[in-house]
Amino acid sequence: MGFISGLPSLGVVIFQGCILVILLVAMRRRDVAAAVNALVSFVAVFLPLFVELLAREGGSTTVDFGPALPLWIAVAGLLHSIGMLGPYDSVRWWDTLTHTVSAMLVAALVYAGLVVVAGETATGGQWTSGVAAMTVLFMIAVGVFWELIELVAREVGERYDVEPVLVYYGWRDTASDLVFDVVGTLIVVVFDLRLFVPVAAAYPSSTRRLLVGSAAAILGGSLIMALIVYFGRTR
1071 MGFISGLPSL GVVIFQGCIL VILLVAMRRR DVAAAVNALV SFVAVFLPLF VELLAREGGS
1131 TTVDFGPALP LWIAVAGLLH SIGMLGPYDS VRWWDTLTHT VSAMLVAALV YAGLVVVAGE
1191 TATGGQWTSG VAAMTVLFMI AVGVFWELIE LVAREVGERY DVEPVLVYYG WRDTASDLVF
1251 DVVGTLIVVV FDLRLFVPVA AAYPSSTRRL LVGSAAAILG GSLIMALIVY FGRTR
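In case it helps, my numbering puts the sequence shown at residues 1071 to 1305.
Hints in this document: simulated from the structure, not taken from any laboratory. Glycine residues also receive a C-beta, built at the ideal position from the N, C-alpha and C atoms. Careful, some of the hints might be misleading.
[Said to hold, decoys possible] Computed beta-carbon distance windows for the label pairs:
1. LEU1124 - VAL1249: 34 to 42 Å
2. LEU1090 - PRO1157: 13 to 21 Å
3. LEU1293 - ILE1257: 37 to 45 Å
4. ALA1287 - GLY1240: 36 to 44 Å
5. GLY1302 - ALA1272: 40 to 48 Å
6. ARG1279 - ARG1162: 23 to 31 Å
7. LEU1124 - VAL1083: 18 to 26 Å
8. PHE1261 - VAL1091: 30 to 38 Å
9. GLY1302 - PRO1268: 41 to 49 Å
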């Protein structure tokens, strides 16, 4: 049992090692975009640990994501990092896979927050269509936000004649990405995945503020980026 319980932590180490290998390969190829994305993916895995440390510094010992969240981030980061080395261009389904896995990760966090804000218990099995619908809508907004980031990255790259850190593949690819963002979200809500509800339930006020703040940042950021893209094209 001890070995089995330690498998997720071992998985994090293995996936992080793979991301480091991709980082080294990207640096050897002098592929700045791939190197930056691999580095960001590697660092992102430590975010749950950073949040736990901040909570403990604030006098709390109840924040514990366990290995599930770092492992999920590591898997999504590894898929994205590999894609930046070529599969995004050469393997038609790679982008679909990456978007689905990443959407499931973000949706699981959003769903947990909305379940808590809606007043459900962490272990309750009651289906709430309102929470499911809000999760889907939130994730569509997240997907649009990400696609706009790719568009802005392209605009910056063209304006300053540098390689963009993220690659934009056109409106058809954007539509496909949004569809599979929704697919990943539906997997979470249909199967009622509540992995992160206990953590969110421990801090309902902070969870509510985080959801509201994230929604405001996504909507405001999307508007700003849309204006940047629009005026960049009309200059």
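- Query: Can you list which hints this structure breaks, lowest number first?
  - Reply: Violated hints (numbers, rising): 3, 4 and 6; every other hint is consistent with the structure.
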